[in-house]
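**Student:** The lines below spell out each chain.
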Amino acid sequence: MDQFDPNRSFLNWAFGIAFNEVRNHIRIKSRDKLHFDRELVELLAREAEQESDISLARRQALGRCIDQLSDVHRALIRQCYLNSKSISEVAESGGLSRGALYKKLARIKQKLAQCVQQQLSTEGGLP
Amino acid sequence: MTHDELRQLIALYVSGEIGLEQHTMLEHELKNNPDSRTLFRELIDLEIGLSEWSRESASQIEMPEAARSPDDKVQLGRQSDLETEKAGQTSSTNAKKTAFGLVALAATLLVAALTTWAIFNSNPEDTTTQAQGQKAIANETEALGTIRQSNCVWKTSSGESQNRADKIKVGKYELVSGVAQLWFDSGSHLTLQGPCELIVDSIASATLMNGSIVVNVSELSDGFLLATPESSIVDLGTEYGVTINETSTEVHVFDGSVVWQPNGSEQEDFTTIAIGEASRFQREAPKVGRRVTFGQRNFVRNLEAEVQRNAKGDLIAFDGFENVAGKLRRGRSGFGWNGGWHPPGRRKKMGQVIDAPGDEVFGVKRKGQKLLELQGDTALLRALQSPILVGDGEENSSELFVSFVLERIEDNATEVSRGSDDSFFKFGLISPESSGRRHGSDNSQSQISFGVTSQSTPFAKSGMRVADAAVKLRDTPMLFVAQISKNGQDQFQVRVRIYEKGESRDAFVPKHWTVTLSNATSTSLSNLTHVRLESGKNGCWQIDHLCIGKSWASVTSPN
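Those sequence lines, one after another, are chains A and B.
In this text, residue positions in the first sequence follow my numbering: the first is 1, and each later residue adds one.
In this text, residue positions in the second sequence follow my numbering: the first is 128, and each later residue adds one.
Accuracy of the hints is not assured; some may be wrong.
Here are the simulated SDA-like cross-link-like pairs (lysine to any residue), alpha carbons at most 25 Å apart as the crow flies [said to hold, decoys possible]:
#, chain 1, residue 1, chain 2, residue 2
1, A, Lys-103, B, Thr-129
2, A, Lys-104, B, Gly-146
3, A, Lys-104, B, Ser-142
4, A, Lys-109, B, Glu-144
5, A, Lys-111, B, Ile-145
6, B, Lys-296, A, Leu-96
Restraint ranges, calculated between C-beta atoms of paired labels, are given here [unchecked claim]:
#, chain 1, residue 1, chain 2, residue 2, range
7, A, Lys-111, B, Ser-583, 56 to 62 Å
8, B, Thr-165, A, Lys-104, 25 to 31 Å
9, A, Ile-87, B, Val-415, 43 to 49 Å
10, B, Ser-284, A, Asp-53, 55 to 61 Å
11, A, Thr-122, B, Lys-158, 29 to 35 Å
12, B, Gly-383, A, Gln-68, 47 to 53 Å
13, B, Glu-487, A, Gly-99, 18 to 24 Å
14, A, Lys-104, B, Ala-597, 51 to 57 Å
15, A, Gly-95, B, Ser-583, 48 to 54 Å
16, B, Ser-284, A, Gly-95, 29 to 35 Å
17, B, Glu-393, A, Gly-95, 51 to 57 Å
18, B, Ile-402, A, Ser-52, 42 to 48 Å
Quick look at which bits of chain B chain A covers, simulated, 3 or more residues with Cβ under 8 Å [to be verified]:
#, region
19, 150-160
20, 171-183
21, 270-276
Worth flagging that the hints you see were computed from the coordinates, not collected in a lab.
Virtual Cβ for every residue (Gly too), placed ideally from N, Cα, C.
Based on the provided sequences and hints, a complete structural model is requested.
**Tutor:** So this is what it looks like as structure tokens:
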């Protein structure tokens, strides 16, 4: 990450870094046929680069939105995203089925997405 | 595609649970709709943001009492690592943070895109390196998945114990007896057949020290590295069995292929073992393998272990015909048998194992599975591991249950029509006196049989007595469940319930049966040793999921 030079093309750099990072991980993914083709990957990466400011604003807004969540919901997100426990275990420890946990997470994320939209609209700079 | 549908597809993509068809739809939508790509980026940003926030907050925010569980100690115990990592990142600029998120996005996408590249450039050594890397990040308290087990005896530090904790953790597993399945959250699962000694190294790797296991790597898994003391076995989309004893290691590949890599060897020493192949390696010289007969080892495979588990010990014999090599005689499919299927006489043809349709019938999911087809003048016999003793004294079960999925197939090749003469199907149970082969003739006569007549009506038969029903069965998959029970001195009854596709199975022994044969007299029912399947010369039948058990539930529980 420290090797990133903001003056260079992000796309080329990201592709280079990602390529090397990913290279070691994908050897045993050869069975996985569920991949986007290169054309779509490049398109998404190109658009992501163009929207890097928006992306940063979104994640800053997300931080504020997460602060508005209840403690329980924040704890739930932390458990699910830290990868220290499997989704099944998180569900079990919360007395939920795996499906119910996914639904709960989806509702929280939807709420967060709406909050982010609202925050950005209020700030006036973004749709 | 509606907004909600797109959100749902993206959620499945993010969770890694997206199916092939859904993936194709998502890809098409993203390629052709800029708004959908915008939503995709928004949601990926959300995922990245939540992931970053979770890591950062883990070291800063006290978990509320209400949300804390004993397991949270594991999670909080990792904070020191996170803090160290975070401390090293505090000097990062916003630009770098942005770049991190975008790299994460690019990496997510590139993982998928570069897969194609990897297929053509893959080097098994790198796979090993990656999987070994996964060993390093596992810790002893982290739960890596769940254990499914039934009547297993494990050896632990305090002696032997019945079953054990149902969470997989890094460490040693010594299964003394029984069959257990280790379902890893990484998408792979291992079936252990006792006695077996295995060391779990990480969520995606383990070392087999002794005994037999079957490794099943699902398509969503990133792979599983199985090591032995002398080698590593790298899967390439696979189900395979490994057995290791004091002198040698055998690898049998049921699906996909594997690469055998002796420790400290060069790439030229690697051996690829493909579907339907098996190799044996001497432990003293693991670089050189020798081809052995596929299926020689009697591995308990995934499906069969599942069936056994569901049957709670009441299943006597089972055959799902999951014989990848299609060799019925070898007898490696199913359990509860002594040897394979063979024709009872020279004139009878063998059936053939073919791919099952990718449907689900009567709770049996058949995608990727096999079934047995009997076409023309076909008959097959298979010996049971132990004679079945029905209602013969207190020690023996007073009831016997048999079930299978059956479908009549129109044989286009020979232009045989449905319902033509001599197109019956018969399932029979045979005693020793009638199962022998003399001079190539078929002398095996069933003591009890049931099935479908050429006119598509169900029947049951025992000795000279026959019962049928005025019901015309349709040419769709049917579930046959038969009950054979004693109802008097030397008298038995045979009752058959036939379910058609879409019909719900009874949870318990039903009150109403399709065919009932009462007061059948037979002196040989206390010693049934073989099963016989037979098709008339104009018949074409597909049979699957054959179960023989002591209870209704044991033969009607789906896999």
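**Student:** Please go over all the hints and tell whether each is borne out by the structure.
**Tutor:** Status of each hint after checking the structure:
1. Only pairs whose Cα atoms come within 25 Å are accepted, and A/Lys-103 paired with B/Thr-129 is accepted, the gap being roughly 19 Å.
2. Our distance criterion of 25 Å between C-alpha atoms is met by A/Lys-104 and B/Gly-146, whose separation comes to about 22 Å.
3. Proposed proximity of A/Lys-104 and B/Ser-142 is supported: the alpha carbons are some 14 Å apart, at most 25 Å.
4. Simply put, A/Lys-109 and B/Glu-144 have alpha-carbon atoms about 18 Å apart, close enough for the 25 Å limit, and the pair holds.
5. Between A/Lys-111 and B/Ile-145 the CA atoms are separated by roughly 23 Å; this keeps the pair inside 25 Å, and the hint holds.
6. With a C-alpha separation of about 22 Å, the suggested pairing of B/Lys-296 with A/Leu-96 holds against the 25 Å cut-off.
7. Taking the beta carbon of each, A/Lys-111 and B/Ser-583 are about 58 Å apart, inside 56 to 62 Å as hinted.
8. Take B/Thr-165 and A/Lys-104: their Cβ atoms lie about 26 Å apart, and the range 25 to 31 Å holds.
9. Between A/Ile-87 and B/Val-415 the beta carbons are some 44 Å apart, a value that agrees with the proposed interval 43 to 49 Å.
10. In this structure, B/Ser-284 and A/Asp-53 meet the distance hint of 55 to 61 Å, their C-beta atoms being roughly 58 Å apart.
11. For A/Thr-122 and B/Lys-158, the hinted distance range of 29 to 35 Å is satisfied, since their beta carbons lie about 33 Å from each other.
12. For the pair B/Gly-383 and A/Gln-68, the supplied restraint of 47 to 53 Å holds, since their beta-carbon distance comes to about 48 Å.
13. Checking the proposed 18 to 24 Å range against B/Glu-487 and A/Gly-99 shows it holds: the Cβ atoms sit about 19 Å from each other.
14. Taken as a hint, the range 51 to 57 Å holds for the pair A/Lys-104 and B/Ala-597, whose Cβ atoms sit roughly 55 Å apart.
15. A hinted range of 48 to 54 Å for the beta carbons of A/Gly-95 and B/Ser-583 is consistent with their spacing of about 52 Å.
16. In this structure, B/Ser-284 and A/Gly-95 meet the distance hint of 29 to 35 Å, their C-beta atoms being roughly 31 Å apart.
17. Checked against the hint of 51 to 57 Å, the C-beta distance between B/Glu-393 and A/Gly-95 comes to roughly 53 Å, which is consistent with it.
18. Between B/Ile-402 and A/Ser-52 the beta carbon distance is about 47 Å. The supplied range of 42 to 48 Å therefore holds.
19. With 4 residues having a Cβ less than 8 Å from any Cβ of chain A, the region 150-160 of chain B passes the three-residue criterion, so the hint holds.
20. For the region 171-183 of chain B, the proposed coverage by chain A is satisfied: 10 residues have a C-beta within less than 8 Å of a C-beta in that chain, meeting the threshold of three.
21. A count of 4 residues in the region 270-276 of chain B with a Cβ less than 8 Å from any Cβ of chain A is obtained; the coverage claim is therefore met, three being the minimum.
Of the numbered hints given earlier, the model fails none.
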